[in-house]
Amino acid sequence: MNASKSIMLLLAALSQNLSAEEAGKPLEMTVYRSPTCGCCGKWLEHAKQNGFKINDVVSDDMETIKARFGVPEKLASCHTAVVDGHVIEGHVPATDIQKLLQSKSNIVGIAAPGMPMGSPGMEMGGQQDAYKVVSFDKEGKYEVFAEHGSKQ
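Taking our numbering, I'd label the letters of the sequence shown as residues 1 to 152.
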């Protein structure tokens with residue numbers, strides 16, 4: 001009886017470890033960026049450190065890429081990423097990306113318009129501008145998804 005209990009406990013532990021390994025599998029993200037943008041590389045490192053596997057695509061034609069993925073002009077930033085069917089525009093924190101992916105939302109994507117100081121990849125000492133991450137849909141409608149930084 002003790003031997004079969006031990007075997008059952010061992011099998012249960014092994015199956016939990018396999019599930020945890022599968023759950024910890026990094027999500028693949030394709031990032032389109034200009035060859036001249038240094039802050040994009042810093043954002044890529046932020047994404048990698050937060051569990052994303054990066055397919056880095058350098059392009060001189062970012063306007064066409066943004067248009068192809070439906071990024072509204074008002075929400076544009078320096079790089080465009082695609083992960084699990086969603087568009088991520090600019091210096092969006094990994095926590096917001098994870099929140100979007102967990103929500104199973106039908107929105108096209110989220111964006112940190114412009115290049116907000118203090119956002120991932122745009123760190124400048126202790127300076128942190130207040131900024132919003134905005135969600136957008138196929139019609140180009142958008143709303144606030146998350147807010148970051150101090151409101152000075």
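To be clear, the hints were calculated from the coordinates, so they are not data collected in a lab. Please note: incorrect hints may appear among the correct ones.
Computed Cβ-Cβ distance ranges for the label pairs, DEER-style [to be verified]: (1) E143 / V57: 26 to 32 Å; (2) E45 / K138: 17 to 23 Å; (3) G149 / A67: 25 to 31 Å; (4) S103 / G125: 20 to 26 Å; (5) S105 / C37: 17 to 23 Å; (6) D84 / M124: 19 to 25 Å; (7) T64 / S103: 16 to 22 Å; (8) I65 / D137: 16 to 22 Å; (9) E147 / D60: 31 to 37 Å; (10) M124 / G85: 28 to 34 Å; (11) G38 / E63: 25 to 31 Å; (12) A67 / P35: 17 to 23 Å.
No more than 25 Å apart at the CA atoms, straight line, and that leaves these computed lysine-lysine pairs for PhoX-like [claimed, not checked]: (13) K48 / K66; (14) K66 / K53; (15) K74 / K99; (16) K42 / K132; (17) K99 / K42; (18) K74 / K42; (19) K141 / K66; (20) K53 / K42; (21) K53 / K74; (22) K66 / K99; (23) K48 / K99; (24) K25 / K138; (25) K66 / K138; (26) K138 / K42; (27) K74 / K25; (28) K99 / K138; (29) K42 / K66; (30) K104 / K138; (31) K48 / K132; (32) K25 / K42; (33) K53 / K99; (34) K53 / K25; (35) K132 / K99; (36) K141 / K104; (37) K53 / K141; (38) K66 / K104; (39) K48 / K104; (40) K141 / K99.
We put the beta carbon where it would ideally sit given N, CA and C, even for glycine.
Checked against the structure, which of the hints given earlier come out wrong? 2, 4, 5, 6, 7, 11, 21, 24, 26, 27 and 37
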